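Number of protein chains: 8
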Amino acid sequence: MDEPALRALVDGIVAGDIDPDEAVGRLRRLPFADLGFARVDHHRLLRTRLPEAVYGPGKTPAQCAALVSELLAGEGGPVLLTRADEAQVDAVLTAHPGGVVTGDRHRLVAWRPSPPAPGAVVVVSAGTADLPVAEECAAALAALGHPPARLTDVGVAGLHRLLAEGPAVVAADAVVVVAGMEGALASVVGGLTAAPVVAVPTSVGYGAALEGITALLAMLSSCAAGITVVGIDNGYGAACAVSRLLSPLGASRG
Amino acid sequence: MDEPALRALVDGIVAGDIDPDEAVGRLRRLPFADLGFARVDHHRLLRTRLPEAVYGPGKTPAQCAALVSELLAGEGGPVLLTRADEAQVDAVLTAHPGGVVTGDRHRLVAWRPSPPAPGAVVVVSAGTADLPVAEECAAALAALGHPPARLTDVGVAGLHRLLAEGPAVVAADAVVVVAGMEGALASVVGGLTAAPVVAVPTSVGYGAALEGITALLAMLSSCAAGITVVGIDNGYGAACAVSRLLSPLGASRG
Amino acid sequence: MDEPALRALVDGIVAGDIDPDEAVGRLRRLPFADLGFARVDHHRLLRTRLPEAVYGPGKTPAQCAALVSELLAGEGGPVLLTRADEAQVDAVLTAHPGGVVTGDRHRLVAWRPSPPAPGAVVVVSAGTADLPVAEECAAALAALGHPPARLTDVGVAGLHRLLAEGPAVVAADAVVVVAGMEGALASVVGGLTAAPVVAVPTSVGYGAALEGITALLAMLSSCAAGITVVGIDNGYGAACAVSRLLSPLGASRG
Amino acid sequence: MDEPALRALVDGIVAGDIDPDEAVGRLRRLPFADLGFARVDHHRLLRTRLPEAVYGPGKTPAQCAALVSELLAGEGGPVLLTRADEAQVDAVLTAHPGGVVTGDRHRLVAWRPSPPAPGAVVVVSAGTADLPVAEECAAALAALGHPPARLTDVGVAGLHRLLAEGPAVVAADAVVVVAGMEGALASVVGGLTAAPVVAVPTSVGYGAALEGITALLAMLSSCAAGITVVGIDNGYGAACAVSRLLSPLGASRG
Amino acid sequence: MDEPALRALVDGIVAGDIDPDEAVGRLRRLPFADLGFARVDHHRLLRTRLPEAVYGPGKTPAQCAALVSELLAGEGGPVLLTRADEAQVDAVLTAHPGGVVTGDRHRLVAWRPSPPAPGAVVVVSAGTADLPVAEECAAALAALGHPPARLTDVGVAGLHRLLAEGPAVVAADAVVVVAGMEGALASVVGGLTAAPVVAVPTSVGYGAALEGITALLAMLSSCAAGITVVGIDNGYGAACAVSRLLSPLGASRG
Amino acid sequence: MDEPALRALVDGIVAGDIDPDEAVGRLRRLPFADLGFARVDHHRLLRTRLPEAVYGPGKTPAQCAALVSELLAGEGGPVLLTRADEAQVDAVLTAHPGGVVTGDRHRLVAWRPSPPAPGAVVVVSAGTADLPVAEECAAALAALGHPPARLTDVGVAGLHRLLAEGPAVVAADAVVVVAGMEGALASVVGGLTAAPVVAVPTSVGYGAALEGITALLAMLSSCAAGITVVGIDNGYGAACAVSRLLSPLGASRG
Amino acid sequence: MDEPALRALVDGIVAGDIDPDEAVGRLRRLPFADLGFARVDHHRLLRTRLPEAVYGPGKTPAQCAALVSELLAGEGGPVLLTRADEAQVDAVLTAHPGGVVTGDRHRLVAWRPSPPAPGAVVVVSAGTADLPVAEECAAALAALGHPPARLTDVGVAGLHRLLAEGPAVVAADAVVVVAGMEGALASVVGGLTAAPVVAVPTSVGYGAALEGITALLAMLSSCAAGITVVGIDNGYGAACAVSRLLSPLGASRG
Amino acid sequence: MDEPALRALVDGIVAGDIDPDEAVGRLRRLPFADLGFARVDHHRLLRTRLPEAVYGPGKTPAQCAALVSELLAGEGGPVLLTRADEAQVDAVLTAHPGGVVTGDRHRLVAWRPSPPAPGAVVVVSAGTADLPVAEECAAALAALGHPPARLTDVGVAGLHRLLAEGPAVVAADAVVVVAGMEGALASVVGGLTAAPVVAVPTSVGYGAALEGITALLAMLSSCAAGITVVGIDNGYGAACAVSRLLSPLGASRG
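Chains as they are written, first to last, in this note's numbering: chain R, 1 to 254; chain A, 1001 to 1254; chain X, 2001 to 2254; chain V, 3001 to 3254; chain C, 4001 to 4254; chain S, 5001 to 5254; chain D, 6001 to 6254; chain H, 7001 to 7254.
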C-alpha cells in the first residue's frame, strides 16, 4: 500500500465511502497470499522490482508447483524456480508447461521472462568447473531481461585469454565474475573496467579452497576498489544485483 | 594505452613517423610513475573511472605526501588519502594545503573533488558506533561526486525508525547499508527498495560479533536477493562500488 | 531424593526403622534405572520438570524401544523420541502403539502428552525450508503442554508478512523464532514484542550460511536486547526452554 | 502507535476532528527523537517492556550525556548506560547526578530503577574472573526490577560448592549462569533446576578458551535440555532476557 | 639398536670380529621390515612399549592382512587392527583366524592380547551415542593388558548417575572420560578424583557441537586441573595413553 | 566428606550422639570457605590430591592475598599463585613472605612445597621462546613434589640435539613436551619413549601458528600413539597432569 | 607472442608486408583455442614450461576428451588429465589410446611424457594412507621428466625408518614430503637436507586433523627454515613446483 | 657427523687409535653447543646449507648477543638475527659491531654475509604496505648470497605495472611474491614465468583479510600450478627456500 493508496483510503473515510472497521482492517492487510506452508509475497516485485523466486531445496515437488501457480496467478514479471531437482522440474512443468529449464547441476526454470532491457552485461568465469554457477547466473539474468554475453575459462593463470577479451569487459555496463579457488579473477577484472563488478565466489577447488571460503575472503579483500561480492555459488543473487543496478530509474539514472 | 592510441602508433609506424625500436618500446611502456617505493597508477582513472587512492596505514608521512604530490600532478579526478593518522594528515596538508579532512577515527583527506553527478545515494547506518565507517563512506562518495543523504541509527530493534524514512530509501538510486553486530539491517533494506544495495559489515560489537565476521556472513547469506557486500569496515570500497554503478551508461562505456 | 525424603530417612534411622547399612546404601542410591547401555534418569522430571527424551541418532531400534519402555514404566509426564529414523519409529510403535508421530525430516514420537497449560506460544519461522525444525519444536511444545500457534514464511525480505501478524507476536507469552541464512528475523521479532524470545538458528542456506553458524552468530549478536539462543536446528531444545519459562511461578517452584 | 490509538485516529477522521493531511502525517510519524547522530526509540519500552539502553563504547561523553538526557526526558522506566568508561561516567553524572554506578570493568550507570517485581532470580558464576560479567548482569537486573541473589565461585571442579546451594537454584524463578573456560556450569545447573536457565559465556580463560568461543559453543551444545544462551560477556543481555520472562503473564500480554 | 648392542658392535670391531664395512652398514641399519607399501616398525614395542597398530581406513584388505602377518611374525606384544571395515575384517581373519573382533562402528581386531596388568581403569562415557568410541577404547585397553570397568550414560544433565558411582571413579588408577556435545563430564570427573584423567572428545552432537570441536575445546579449557586430552573420537589413543602411564616402571613407580 | 565420615555420621545418629537436625545440616554442608567473592575449596586436595591454585589474572592484589591466606590456613599441601603480575606478587609476599617466586613472564609463587616424591620427570622444550611456559611447568612440578630435569632448545629442525639426550627421555617416568610453531617435537618424543607424554602447545610463532592453535591441533593429531595434550601455554595444567599420574598406586587410591 | 615475434610483426608493418588492420588484430590475438566451454592455453608451456593439465572433477567425459584432443594437437610437452573418474578415463582412452593411467584414488592419465631430465627427486610419505597423494605426485613428476625415488611409510613416530634412508634424502636435488595428521615429517626432513623441500599436507586423519588443515598449518609453521608448502592433497601441484625448480635455466643453473 | 667422519671413526677404532669408550661417546656426541638456555646447532649449515638464525622475539638482548657470539665462533656462513627490537640490536652491535642492520619494522642484522652466488632472484611485492616483509626477505637473500632485484607496488589492480616488468620476471631463476589482501599477485606471476615461485602472504589488509589468512589460503589455492607458499609475513623463510633451490646441483649434493 503506497502513498496514493493511503491517501485514497483516508479520503474514502472522510467521504464516508469506507467503513471505519474496514479501514482499520485494510490498514493492517498487506498484499501476500497465505498458502499455509508459505506466504507468497506478491508485493515484492513492486517494492524491489525483483520477483519472489522459488528456491527448490527442501521443498516438495507439490509445494514447488503450488508456489509457481500462485506466482503465475499474480500480475507481471518473470516467475523463477531455482536449484530444482528432477522431480521438482517434472512437477512444475506438468502444471505449467511453458517453463524453460536451464542448467544441469543448478537447474533454473523460468516462466514469463522479461523482455530484454538496455545495458550490456558480461558474465566472466574462471574455469570449466565454475560453469554451473555462471549458467545459473546467466539464465536468471536472461529471465530478468538482461541476457548476458559470456566469457568462459579465462582464469588468471593464462591472463592473455582475458586480456584478449578486454574490450568486451571494458564496454560492459555490468560485469559478473564467477571464480573459485583463489578467486583472483575478480581483482584483475576490477582493475580493467569502470563498470560495476559483482563477484561470485564458487565452491570449486579442494583442500585449502575451503568450499569457497577462500575465494569469498579473497574477493572481499580485493585490492581493486569498488568490487562487491555475493554469497558462495550464488549465481542467482548476482543476477538480481545486476538487475537492481540496470533497472531504469527515470530521469536521475537514464 | 587505449585502442585509438594503439592505432595511432601503428599508423605512425606505417607512415615512418615512428621508429621501429621506439614502437617496440612504447608498446611495452605503460602509464605509471615509479617513485621507487611505489608505482603510481595514473592510468587507473581512465580504466576504472576511479582514482588510485592512497591507503595510509603502513606508510610514512613522507611517503603519503609524495604519493599525493604525484597524484595531484596527474590530470583530473579527485585525489584521496584514506585511514590517515595525525602525522600523515599534517604532512600532506603542509605539502598540499587544499585537502579537506573528514572523519575522526577513519580520517579521509580529499583534494580536487568531483562535481556532484546525478543520482540519489543514501547511506543508512544501524547504530551510533557504526558512524566512523558510514562517515568514511559518505566522505569518499562526496569526493567522487555523489554526496549522499544520511540515515543514522535506524537499527532493526526499532524498525519504525527505518520505516519512517522508507520513502528516501525507496527513491534512492543506490543505498549503502552500514551495520555491525548481526547486520540484519541490510536484509530489511534490501526487502524495501528496488535500488542497488551495497552492504558494509562493521566490526562493531563484541564476543560473538567476531570483529565483523558475523555481520559479514549474515549480509552474504541475506534472504533479500540482490544485495552485494564489501569487506569489513570498508566504507571507502562501498563508495567506489556506488561510483561504478552510478556512472552514466552509454557513450562513455560503449 | 529431595529434602523431605532425606528427613524421612534420617527420622527412620533415629526411630530404628531403618538399618544403618541400608541408610548408607540409600543415601548413595539415586533414582535411575541401569539398562546396561544406558541409565534412565527417572528423576529428571522431578528436578527439571522436563522428561528425559530419547535422542534417536546412534541408537539401534531395539535400544530406542527399550528406553521408551523404561520411560513409560515410570510415572507421569510425556515420553518423547526425537530425530527417529523409520526403523526406530517402527520398533517403538510396535512395542508401544500409542505414540504419535510428527514431522518428516526430524521425526518426533510422543506418548502420554501433557495436558495443555496456560500461556500463548507462537512459533515463527522465516522460510519454507525452516519448517522441519519449526515442526519439531511445535510437536515437542504440544507434547509438553504448550501447543503453539504457527507463523510460517515471514522472513524479513517481505517484512509486511510479519507486521501483518504483529498482534499475535505481541500478545504471546513466549515466541520461538526459527530462521536460517542470516537469521535476521530474530532481531526484528525481538524489537516488536515484550515476550521472551527463543531463537533457533537453522542450517538452511548454503555457502556463507556455513551450515547454520552464520544464523547462530547473528542471533547471538542481535541488537534487540534479551533474545536468547539455542543450538543449530535444535527445535526440541527451544521447546524445552519455553516449557521452563511457562511453568507456573509459585508453589511448584518455591 | 498501537491498535486503540489507530482506531482513535480513524474515528477522529470520521468525526471530522482530524484533518486528512494531519492523519496521513500521523500515520507516518513514529515515536522516536532524532538527535542527529542517533534516533532515540521512546517507543521501545512500550513495545518490549525493555528501555533502550545507551551502549557506551564508540560514543563520546557528550553523546552519552545527550542520549541519557533524551531518555530521562521520556516517561517511565529505568535509564541505563552500559560499558561506560570513566570520562563517560563523569559526563553523565555531571549532567544527571542521580545515576548509580555499578561494576568496575563493565561500568553500568542506572537512573530511575524499576521497583522490585515478584520472582526470585539467581545469578550463578563459575570463578572470580567471571565476576565483572556477573556484576553487570546483576546491576541491570536490579535496575529492571529483579534484584538477584548471587552464587559466586561455584565452578564444577568443586561441585560440592554448587550442590551446597542447590535449594536456592532449585527454588529460583530464573537462573543466570555466568561461566568462561569450558562453561560446564551451565549444563550442571540446567540438570538441577526446573527454572529457565540463561547462560552467559565469558571470555575468561586463555589459549583454547578462544576468548569465550569455547564456553559459548559448549553452552549451546549442552546435554541439559532447555538452556538458552546469550552472547559472550553479555551480562546485560541476560538481564533483559530474564526481565522478558518474569514480566507478569496475563492482561498486558493476553 | 640400544646401548648394549652398540657397545657389542664396537667391541666386535675392536676384536676384529666385525668387518668395518659391515659395521658401517649395521650402524645405519635399523629394525624395521620394508613391505614396499609400508615399513613395519618392529622396534616400536621396545621403544614405547606400545605395538604398532594397523589403522584400517585407506588400506586394502590385502594390505591389512600383510601388515598383520608381518606384525604377528615379530616377537611378543599384542597385534591390533583398528577402524576395520567388513572386508578388512574378513581378510585378516581368513589369514589369521585367532583375532578377536570388538565393536560395531569402530571395529577393532586383536591378536595375542597382553595378560592383565595391575591397575584399575574406568572408562566413563556420557551418553549412549558415545558408546562406539568408548568401546574402541575399552577393547584396546583390554588388548594392552588393562581391561577396564565401564560407566555408561552418566552425562552431567543427571549428575546423580555419576555421583552414585563416585567410589569407582575415586578408586581408579586411571580414568578415561568419553563425551561429546559440551564435554562437561571431563571437568566434573576431574574434580572428583585424584587419578589421571584422559578425556576423549567425541563427534556426537549436531550444529554447534561442530563434529567434536566443541567438546575438544571445552576439555582443553577445563577448570579442573590436570586433565589431558586426546584427539576427537580417538578411543585407541586414550587406551595407549593409559597404557603408557600404567606400565610398571620398577621401583620409582611401583 | 568421605565414606568413613558418612558412616560415622550415621552411627552417630543411631547412637543418638548426633541430633537429626544437625545431621541433615551436615549432610548438606560441604567443606569450603566462603570469602564472599570466592569459595575456597579446602576439600580439593583430598579429592584430587591437587591443591586449589589461585589464578592471578582478573583478580585484585587484595583478593589474591586473601585467597592465599585462606589456603595457607588450611592443612597440608602446597599453596600456589599462578600468572601473577607484579602488584599481586607484592601483595601476597607482604602478607606471606615465605613464598618463592619463579618465572618472568608467567610468574608463579609457591608456599609450603611438597617434599620430592619418587619418579623422574623431564620437561623438554623446543625453542628459547617456549621457556616461559616450560618454566611455569617446572616450577609447579617442583612445588607439587616432582622437580623435573630440563631439556631446552631441542626442536626437530636439529634432531641430533634431542637424540643426544635420548637416554634421559627414555628413562623418564613422565615427559612434558613444550613446543609452539608446528609442535612436531611431541610426535618425535612420543616415538622415542614408553613414558607418558604430556604435550603443551605454546603460542610461540606468528602468522599460521595461529597463537598456538596450530601446535595444539598438531599435537592432538600426532601419529605417535598415546600422547595427551593440555591447553595452549598451560604449563601449570601439564604439571598437575604429571602429578596425577606419578602419585603412588595402591592404598591411597584403593 | 614473445619479443622476437613482436619485433617481426613491427618489421612486417614497416616493410608493408602486414596490413595495419591485421597488425592491430594480431597484437590483440593471443594463442589459445576457444572450445566454447573452455579456452585451451597453448601458450602456457612456453610461458611456464608447465603444460596446461586437464583437471577432471566437474567436467563431462566428452569435455575431458575434447580438451585432451586439443592439447595433443598442440606441439610438444606432456598432456595430463588429473583426478579422473572411471568414465573420464574410458572416454579419453577411447579417443587417445596411448595414455598411461596411474593411481587408484587420484587417477592421472598421461600422454607424451617428457624424457627424463637430470636431477634426483625423492617423494617421501608418512603413512600408507598418504600413498594416493604421493602416487599422484610421482606420476606427474614422471610425466614431467623427473621420475622420483620413493620413500614410503617413514612417519616420525618411528624416526629410525627415515634416518635409515637419510643419504637418499640428503643427496636429493629436491624432496617432496607428503604427510597428513600433524605433518611433522616435513620439519624433520627439512632439518636433515639442504635440498629444496616441498611439503604436501594430506587430508589423512580424523577429528582434530581437520581434513588436512592441521598438517597444512603445521607445515607452514615449521621450525625448519626454507620449507615451502602447496595445497592440501595437491600432489600434482608439488610435482609442478619441483619441475619449475629443476628445469635447466642455462648457465646459472645448469 | 657425516659419512666420511663416521668411516674415519670406525677406521680409527680398527687401527686402535681411538679408544672404544671414546668411540661410543663420539658416536653419541653431536655437534651443538649448549648455552644453558639454548643449544646452538653448529651442524645445521652442514646439513641444510642454511645457518641457524637467531629469531629475536621472546629473547633478552643478552641472550641474543650470546647466541650471535656462539654462532660467530663457529666456522663459515652468515650469522643472522631476525625480527630484532631496538634493545636487541644495540646489544648485538655492541658485542659484534660488524653487523649490518636492514629493515625498519622487521629488523634483520647480518654478519659475515655469503659472497654472491649465481642465479637471478626477483622479489615482487604488491603494495607499499608489504614492503617490510619484502625487505626482510631481500636482506636475508643478500646475506645468503642471493641479492635480489626488487619489483615494488605491482598489485593486480593495475596489471600493466607488472606486465611492464614482465621480462625480469620471466628471466629470473627464482621469484618471491610478497602480497597481502587477496594475494592474487602470486597467481598472476605464476602464470607468467617458468621460474620457481615462492609466495609469501602478508598480514596487510583489515577485516576479511584476516591478518593474512586470506592471502595464505588464496595462494595455496592458486590456479597457477607449481606455486609454493611459506607462512604469513615469513620473508626470512622465503629467502631460505630460494637459497635451497639455487644451490648448485651436482657434487655438493651428490
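Rather than coming from a laboratory, the hints here were simulated on the basis of the structure.
None of the values given here were measured: they were computed from a predicted structure.
Among the hints, erroneous ones may be present.
[As the list claims (entries may be wrong)] To give an idea of the interface, some chain H residues facing chain D are shown, with a C-beta separation under 7 Å as derived from the structure:
1) 7035
2) 7113
3) 7115
4) 7116
5) 7163
6) 7237
7) 7244
[Said to hold, decoys possible] Here are a few chain V residues that sit away from chain A, every Cβ distance over 10 Å (derived from the structure):
8) 3036
9) 3038
10) 3057
11) 3061
12) 3101
13) 3145
14) 3166
15) 3201
16) 3211
17) 3231
18) 3233
19) 3234
[Said to hold, decoys possible] Derived list of chain X stretches under chain V, where covered just means 3 residues or more per stretch with a C-beta under 8 Å from a C-beta of chain V:
20) 2011-2019
21) 2061-2071
22) 2104-2116
Ideal placement from N, C-alpha and C gives every residue a C-beta, glycine not left out.
Now the hints, each set against the structure:
no. : hint      : result
1   : 7035      : violated (18 Å)
2   : 7113      : violated (17 Å)
3   : 7115      : violated (15 Å)
4   : 7116      : violated (12 Å)
5   : 7163      : violated (13 Å)
6   : 7237      : holds (6 Å)
7   : 7244      : holds (4 Å)
8   : 3036      : violated (7 Å)
9   : 3038      : violated (4 Å)
10  : 3057      : violated (7 Å)
11  : 3061      : holds (13 Å)
12  : 3101      : holds (21 Å)
13  : 3145      : holds (21 Å)
14  : 3166      : holds (30 Å)
15  : 3201      : violated (8 Å)
16  : 3211      : violated (8 Å)
17  : 3231      : violated (5 Å)
18  : 3233      : violated (5 Å)
19  : 3234      : violated (6 Å)
20  : 2011-2019 : violated (count 0)
21  : 2061-2071 : violated (count 0)
22  : 2104-2116 : violated (count 0)
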